[in-house]
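Residue numbers (our numbering), protein chains in the order written: chain A, 1114 to 1703; chain B, -3 to 245.
To be clear, the hints were calculated from the coordinates, so they are not data collected in a lab. For glycine and all other residues, C-beta sits at the position ideal for the given N, C-alpha and C. Among the hints, a few may not be true.
Distance condition first, Cα-Cα at most 30 Å in a straight line; then the derived DSBU-like pairs of lysine-lysine [said to hold, decoys possible]:
1) 191(B) to 1266(A)
2) 1656(A) to 1600(A)
3) 1656(A) to 1672(A)
4) 219(B) to 1459(A)
5) 1560(A) to 1600(A)
6) 1656(A) to 1669(A)
7) 1459(A) to 7(B)
8) 1459(A) to 74(B)
9) 1266(A) to 97(B)
10) 1560(A) to 1572(A)
11) 1610(A) to 1592(A)
12) 1572(A) to 97(B)
13) 7(B) to 1563(A)
14) 1459(A) to 0(B)
15) 1672(A) to 1592(A)
Some residues of chain B that are not near chain A, with every Cβ distance over 10 Å (derived) [as the list claims (entries may be wrong)]:
16) 20
17) 72
18) 245
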Amino acid sequence: MASPRIIVVGGGLAGLAAVIKIAEAGGTVDLFSIVPVKRSHSVCAQGGINAAKNLKGEGDTPALHFDDTIYGGDFLANQTPVKAMCEAAPAIIDLLDRMGVPFNRTPEGLLDFRRFGGTLFNRTAFAGATTGQQLLYALDEQVRRHEAAGKVKKYEGWEFLSAVLDEKGVARGITALDLRSMELRSFAADAIILATGGIGAIFGKSTNSVVCTGSAQSAIFQQGAHYANGEFIQVHPTCIPGEDKLRLMSESARGEGGRVWVPRKAGDPRPIKQIPETERWYFLEEWYPKYGNLVPRDVATRAIHKVVYEHNLGIDGQPMVYLDLTHIDRATLNRKLEGILEIYEKFVGDDPRDVPMKIFPGMHYTMGGLWVDFNQMTSIPGIFAAGECEYQYHGANRLGANSLVSCIFGGFKAGPNALAYAKSLAAPGGDGGHAAELTRQSEINAKLLKNEGSENPFKLWRELGQTMTEHATVIRYNKGLKLADEKIVELQDRFKKVNLSDRSQWANTSFAFARQLKNMLELSRVVALGALHRDESRGAHYKPDFPERNDERFLKTTKASYTAEGPSFEYEAVDTQFIKPRPRRYDATA
Amino acid sequence: MANKTVQFEIKRQASPDEPAVWESFELEWRPGMNVVSAMMEIAANPVTADGRATTPVTYDSNCLEEICGSCAMRINGKARMACSALVDNLEQPIRVEPLSKFPLVRDLQVDRSVLFENLMAVKAWVPVDGTYDLGSGPRVFPQQQEASYPLSNCISCTCCMEVCPQFNEETGFVGAATIAQVKLFNDHPTGKVFKEDRLRALAGDGGIQECGFAQNCVEVCPKGIPLTSAISDVSRDVIVQKAKDFLRG
């Protein structure tokens, strides 16, 4: 039998991790990515990667990492895969170290570790404050090595459009669009791995990169894949608001001792440094004495909201609070945090070594995603998923520095599992559905290109982002979520009148964007309606009208399915066999 | 001011075969605005300053925080990242054009894949035995980490190649970014196993001898990478390698 053909879509950490495992096992891979893989969104991860290596003599163990992750995720994650991830994490760090990641070191030449949110241990390995960049480069280099050996063929500048399914609904390949020539093609494969990241773009502005639209996930959702826990969206407490995006200020700033505060007096006119300690309100330290500034992100974000909107103590009346590093010496800051300090300096103009940063929460991470089984396979046979685009590892709230490990672990599982699946796959009947899918896609393209109307896709997107940010982020009300869903349906209707101001057939970005937007709208309903139906508060999903967690009704995975009338929802029991759910109280002092 | 505006002049070219034209745009000023947010504004309202309908501008971008290396272009004549080019710090009209040393795709988008080909040619990787668990990596002292980390920050934006007088079709020069990666991997305890291969790859035509020490690279690098000192170090190693190879016959 010929060697099976595997397609990996997405060249961030999860995709590259899968590629490496397949190539190492002797398989060959076609790797598709919108951007050159070295420019994938994983580069934006800053603070570090978690693994209980216990190199600080604290008695840390993978079991404690597992418990922190499950508790931090408010018990929504299935425990079996999370446990496996935490157990694998130390060896993943070792591997990255062997690949040459320039992790920060102790004087003895060992890996240094720092603290992150939602744990009391120094469990986070880091390379300055550009850990994601350094990890992605290490995997990119290994993939280039396999590419040089002929095991990997890259299709950079190609966008995934859909899966090709045979008459039994089994995946047989993909269709993709060359973003330069606008050529539409189908590619055969025995297994497909989607590693296409988060869905930040449906919130308009977020910390995510431009390519994080969720378009690929949405496309296969519309082809029958289940989408799980869509309503769980992480809003990161510390971002720099911007015109084009919200720029992340890593949790590692607090891991290294950064403190969040506001002046106790609204509109205090004094220069910052003349405000004495006693007149600064370190509200996280006061409310959460045990974890202090390092409470999980959902907790910190809600606290900032409360200070700004209920206590009306935002700096200068604006929705902003201080993130203060100025008490830490410059050499330490430069050695451990330089990457993010430079971002603040470049985009805001102030030096955070001298002046406290002004920050506010912003949409950051997609906990939900494609439903997958414990082998990383979606509900469509032959399509696997890994990384942020799937739902498995973070429950209702992701802990900082767990994303990099989940991406690599998920990719390392998906790769070999896809290869094993592909080896046992029988040949398709006929052409496996390629001709039919190509026809369907070329009809969508032709219709979109010549569509007449007055709607600009970029303007529709702005409206979507405003609605989703207003109603479906930090604080959620059923009334608002209903409004959001009505708005999305209105936008879907207006999308029918979309008019591309560019009808050319060469590097047409409006065309590619309009296709993404259609998919974003479908997925937005999954988020808004999933949130509407979940009448409780759990992790990042917070409803003031239902402030408590309700395990009896909602200790369940939300599973959305596509129908032409909108998403339908069912609920699945959560695997809680190792750790019994307990109340999640970061304000407890014991 | 209620209606403060920003003037842009953008070089447009629909395809490599079509002529380039300049288009002017007048956009509403907004606090914190950068060149990328201006492009987004044009996409939402693609009309030139003289009221003519046009197309959204094609350009590369992704992270918008100067870490992915996508949005390199020439802004007021200088090669730089568009995301960190804040409008308030730029003289107007802000003239935006594509990098000039790479094949043009459309508008501000160019094909920079040559850098990735160069990285492959110099084996810019650590050849690990496998991804299974082989225990911890080599010990690295903080001093070594602090020397390697800046080199590892290269975002492959190619600004250093754009501004290099020697980077052109005639010389086939690999450019500073690739040479700095050679230093990074040659200094790594395991990566150095390919040191000789890498130095030989830089020994011939288009290799390190093409560098004319104009030092433009180090000035333009958005990440402040010590490119010239990396070139000096690698240059010395290449000469030593050449001598060794000569004596070995």
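A quick look at each hint next to the structure:
1. 191(B) to 1266(A): Within the cut-off at roughly 26 Å; holds.
2. 1656(A) to 1600(A): holds, 20 Å
3. 1656(A) to 1672(A): Distance ~20 Å between residue 1656(A) and residue 1672(A) Cα, so the pair holds.
4. 219(B) to 1459(A): The hint holds at about 11 Å.
5. 1560(A) to 1600(A): Status holds; Cα separation ~24 Å.
6. 1656(A) to 1669(A): holds, 17 Å
7. 1459(A) to 7(B): With a Cα-Cα distance of about 26 Å, the restraint between residue 1459(A) and residue 7(B) holds, given a limit of 30 Å.
8. 1459(A) to 74(B): The hint holds at about 17 Å.
9. 1266(A) to 97(B): holds, 26 Å
10. 1560(A) to 1572(A): holds, 20 Å
11. 1610(A) to 1592(A): Holds - the C-alpha atoms of residue 1592(A) and residue 1610(A) are around 28 Å apart, at most 30 Å.
12. 1572(A) to 97(B): violated, 34 Å
13. 7(B) to 1563(A): Holds, because 27 Å separates the two Cα atoms, which is no more than 30 Å.
14. 1459(A) to 0(B): holds, 23 Å
15. 1672(A) to 1592(A): holds, 22 Å
16. 20: holds, 17 Å
17. 72: holds, 17 Å
18. 245: holds, 29 Å
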